[in-house]
Structure formats: C-alpha cells, structure tokens
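Peer 1: Each chain, letter by letter, is given below.
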Amino acid sequence: MTRRKVHTSMRFSTLIYTIKQGIVNIFRNKWYSLASMATISACLFMFGIFYSLVANFQYIVKEAQDGVAVTVFFDEGISDDRIAEIGSLIEKRAEVSHINFVSADAAWESFKDDYLGEYADGFGDDNPLPNSANYEVYLNDVSMQDSLVTYVESLDGVRRVNRSEVTANTLSGMNKLIGYASAGIIIILLAVSIFLISNTVTIGISVRKEEINIMKYIGATDFFVRAPFVIEGMLIGLAGSVLPLAIIYVIYNNVIAYVSTRFSMLSQLLKFLTVDQVFQVLMPISLIIGIGIGFFGSFSTVRKHIRV
Amino acid sequence: MITLENVSKAYSTGAPALNNVSLKIEAGEFVFVVGDSGSGKSTLIKLLLRELLPTSGKIMVNDIDVASLRHKQIPKYRRKLGVVFQDFRLLKDRNVYENVAFAQRIVQTPTKEIKKNVPSILSTVGLAGKYKAKPKQLSGGEQQRVALARALVNNPPILLADEPTGNLDPKNSWEIMKLLEEINERGTTVLVVTHNREIVNAMKKRVITMNKGVIVNDEKEGTYIDEI
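Going down the list, the protein sequences come from chains A and B.
Sequential numbering from 16 applies to the first sequence in the numbering used here.
Sequential numbering from 999 applies to the second sequence in the numbering used here.
Calculated from the structure, these hints are not laboratory results.
Glycine residues also receive a C-beta, built at the ideal position from the N, C-alpha and C atoms.
Certain hints may be false.
Below are the DSSO-like pairs computed for lysine-lysine, each with C-alpha atoms no more than 27 Å apart in a straight line [said to hold, decoys possible]:
| id | chain 1 | residue 1 | chain 2 | residue 2 |
| --- | --- | --- | --- | --- |
| 1 | A | Lys319 | B | Lys1044 |
| 2 | B | Lys1078 | A | Lys224 |
| 3 | B | Lys1090 | B | Lys1202 |
Calculated from the model, a selection of chain B residues having no Cβ within reach of chain A, i.e. all distances over 10 Å [claimed, not checked]:
| id | residue |
| --- | --- |
| 4 | Asn1004 |
| 5 | Ala1008 |
| 6 | Lys1056 |
| 7 | Gln1106 |
| 8 | Thr1109 |
Can you make the complete structure from the sequences, with help from the hints?
Peer 2: Structural data, given as structure tokens:
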C-alpha cells in the first residue's frame, strides 16, 4: 500500500462538501427537519400576526397624534416680520414636526365653512375675526406638548396658545400602554419561540450523537463535524421563517381589503399600514430569528456532544 | 511506536482500571491484548485514542505525548490511528462508498483522489461490488470490512481493533483476522483487543494478557491464558 498525500489546509471541495452535507442532512432526517420547520413556522407566524396588529395599532395612534395641533395666536397689530420670526423660532424646536400659517382671511373662511354656512353671507366682505391669524403647530410627540406651550407663551407677540390637553394626554398614554404591552408580549412570544425551536433542534441533534462520536473517533475536527449541522440548522430556520412570511403577506392584504370594504366607516377614520411597510420590519426580524435560532441552536447542541 | 510508562487510570468509583502498566510495541508488530471483562483492555484502547486521560504515567504514540495533546490537536493525532470497533460504528444513513470516503474527506483529500482511493481500498477488503449498499443491507462481516476499509484508507501507521470479531460468526471472524494480518504484513502496526481464544491461539502473535488492570503476561507467539 502506498502512503497517500494528506492535505491540511481548507480546500474549496471541502467547503462544497460541507454545504452539500448540510443540505443532504435535511433530507436524510426529513421528519426531524419537518418538525423543526413546523415549530419555527408556527412560532414566527404567531409573532408575525401579533407584530402586524401592534404595528397597525401604533400607526393609527401615531396618525391621530399627528392630527393634534397647538394653535398660536398673535398680539393685535403685530408686524408680518415678527410673525415670521415667531414661526422660525417655533419650527426650530425639537418637539415640532411642522407648522402651518393660517392667515386671518383663511381662518374666517374655514370658520364660515364649518359653522355658518349660508348665514355667513350677511357679513359681506368683512372679516369679523381680524386677529385670528395663527400658526397650527404639529408635534412629533404629543407628550411634549406642555414644554412647547410654555416656550411659545414666553415669546413676545404671542397673545394666546390653544391646546388640546385631554386628546394629547389620552393619545400619549395610549401610545405608552401599547408600547409596554406589545414589548412585553413580543418578548414572551420570542422567548417561547426560542425555547421551542432550540428544543426541537436539540432533540434532533441528540438523536445523532452516535454519528458525531464516530466522526470524532476517525479524526474529524470540531469544525468538520459541526459545519453541516449548522448549515442544516440555518437552512431549516430559513425555510421555517419564509413560510409564515409568505402566508402573512397573502392574508394581510386580504384582511385589509375585507376591513376596508366591510367597515367602510372605520376605514375612513383609520389608516392601515401597507403590507410593504409591515414587511420592512417583519421580514428582517423573522429571517434573523429563524436563521439565528437555527444557527445558535445547532451550534450549541453539537458542542455539547463534540467533546469526545 | 507505542510506549506506556507506569500508566494508571482510575475512575471516580471502584478499583483502578489500569494499574501501573508499562509496555512497548514496536513499529510493524501484531499484538493481541486479551483478558476477562474489566481487565482494562478497553480502557487501554480509550487511552490510546485519547478518549480518556491517564491518572498518572506517560503514553507515547508515534513520538507524541498523548496526554499533553490539546483538544484541537486530537483530530490530527487520531488520523494517524485507524480504529475498528466491535459494533462497526458506521454512519448508518450513508452507503459503503460514503462511509469510507468520509475518512478521506476529513483529511481534505481532493475528490479526484477519493474517487481513486476508495474503490481501491474496497477491493482490498473484498467489497468492490457493494459500494452502493447501506450498512443495514450488509452482513456483520461485511460491515466490519467497511469499518476496516475506513480505518485504512488514510494509511495510518497504527491500527487499533477493539473486539473486531465480537459480533461475527467464526467464518467471518477468520476473514477479518486474515485481513488484519495482511494489513500488518504491509507494514501497519496492529493492536487487537479480543476474547477469541481460537484465533489468538492459532495466529501465534505476541499476546499481552491483562487482569484487573495489570499486565500479567506478555509473550511473543503467545497463547490465550485463562486462569492467572
């Protein structure tokens, strides 16, 4: 028998072999692969549904918040330059999203439309609200309303500041509540998912403990033993996260369409996120969770059995 | 090639499995290690495989101090030892070819060479026609030949066989022993742990007899000793 050459550096063919083994292992252990994929899919489906609900709820609250404005009225006889100055001072504030100048004429037109209708004809071309020019100030976060109002009231030339305290407090409180509740539920859901998925991966690999032992006895390195398992875990994680994403993608559009047609009154008041907006966050999170759990689950489980 | 100097191995419970054992096996030797259950034979194999560490003493294999190997160095060390077990330990979901090729994969042999080497070693063990079969489709003797082919495909200088005929009928046992003898004649050092009296007595090789963790007899062209 002739002595054959032994190669020590990592070969491309070894890399290909390792990846191929990872894929082949999925089919060799098809029941385990299916069970793992189903667990990952079920957990991520629950997560996706809950995330879609929470994201929409937060979006609706945010939309409502965006409609809340502080109205700033000016002293009588104030110059246009001073009004512009006040405008730029308010715009610079961190609390402010954007401002909108409403002239006295525009304010009177709006008042007529809203409250007087045809009775406004009696006023002719006169504007009975000459001092009603104002800034509508829209906020980034309604919880910051108090600090902004205090600041604006201290400015020279500002006569009065109107605000909606009850609406602001309600929306701000609601936003906080949704934030805490959804964070709590998402953490619990994620913890349960990680536990279930890791368990499935652990059981699947423990069954193959003997295979790992054999590989180690004949001189396989930890990397060589572990790599196919890790690739297998990641691919199962990928498949397990793509499936619920696809299902949610399809049903989300249908649910939004159903709600919009069935409850048309509701859909005029509430704006929903588009599926693409939801998926901007949901897709990367689901993929990271699925692939990440597949990776860490198989990596750590193989490590337990590898010390032979 | 293999040297044990005052090697002891004690487990946490019970008497020491090996007690102050010293022995030397030269390159190219064929050695039987015999003894009753609990005599320390399997512990000896596990120590040589670096599955266990000695409690005291020194083990040198191919000029390597086995006990001082770090975890990362163990795979490279094991590749210099072919190993065959009583229960064959084949990868059940892979066919004969893949089981043997696996040993070449782990030493990163190019695929082209694997395609040449595996059929060659399979024909040496008489399994050229069964390369596609899965282990469960083979008889015990055939499975042990696959295990032998896998142990030999990288041409290790030492072959360790732990009860290689333990699960085989007499005919297959003899065939495996003949193969081991041929392998030894080609220059590989062979260490066989066995209970098979008939084979040991017939082959007239060096026989190391162990009892309660101690070497009680070491004889060239020895025989199986029952009562110590």
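Peer 1: Hints first: check each against the structure and report whether it holds.
Peer 2: Results of checking the hints against the structure:
Taking the CA atoms of A:Lys319 and B:Lys1044, the gap is near 20 Å; set against the 27 Å cutoff, the hint holds. Taking the CA atoms of B:Lys1078 and A:Lys224, the gap is near 23 Å; set against the 27 Å cutoff, the hint holds. In summary, the hint linking B:Lys1090 to B:Lys1202 is not supported, as the alpha carbons are separated by about 35 Å, beyond the 27 Å threshold. Distance check for B:Asn1004 against chain A: the nearest CB is about 26 Å away, which clears 10 Å, and the non-interface claim stands.
Even its closest Cβ contact with chain A, about 20 Å, leaves B:Ala1008 beyond 10 Å, as expected for a residue assigned away from the interface. Chain A leaves B:Lys1056 outside its interface by the beta-carbon criterion, the shortest separation being 22 Å against a cut-off of 10 Å. For B:Gln1106, the shortest C-beta to C-beta distance to chain A comes to about 4 Å, within the 10 Å cut-off, and the non-interface label is violated. Under the 10 Å C-beta cut-off, the non-interface status given to B:Thr1109 relative to chain A is violated; the minimum distance is some 5 Å.
Comparing the model with each numbered hint stated earlier shows that hints 3, 7, 8 do not hold.
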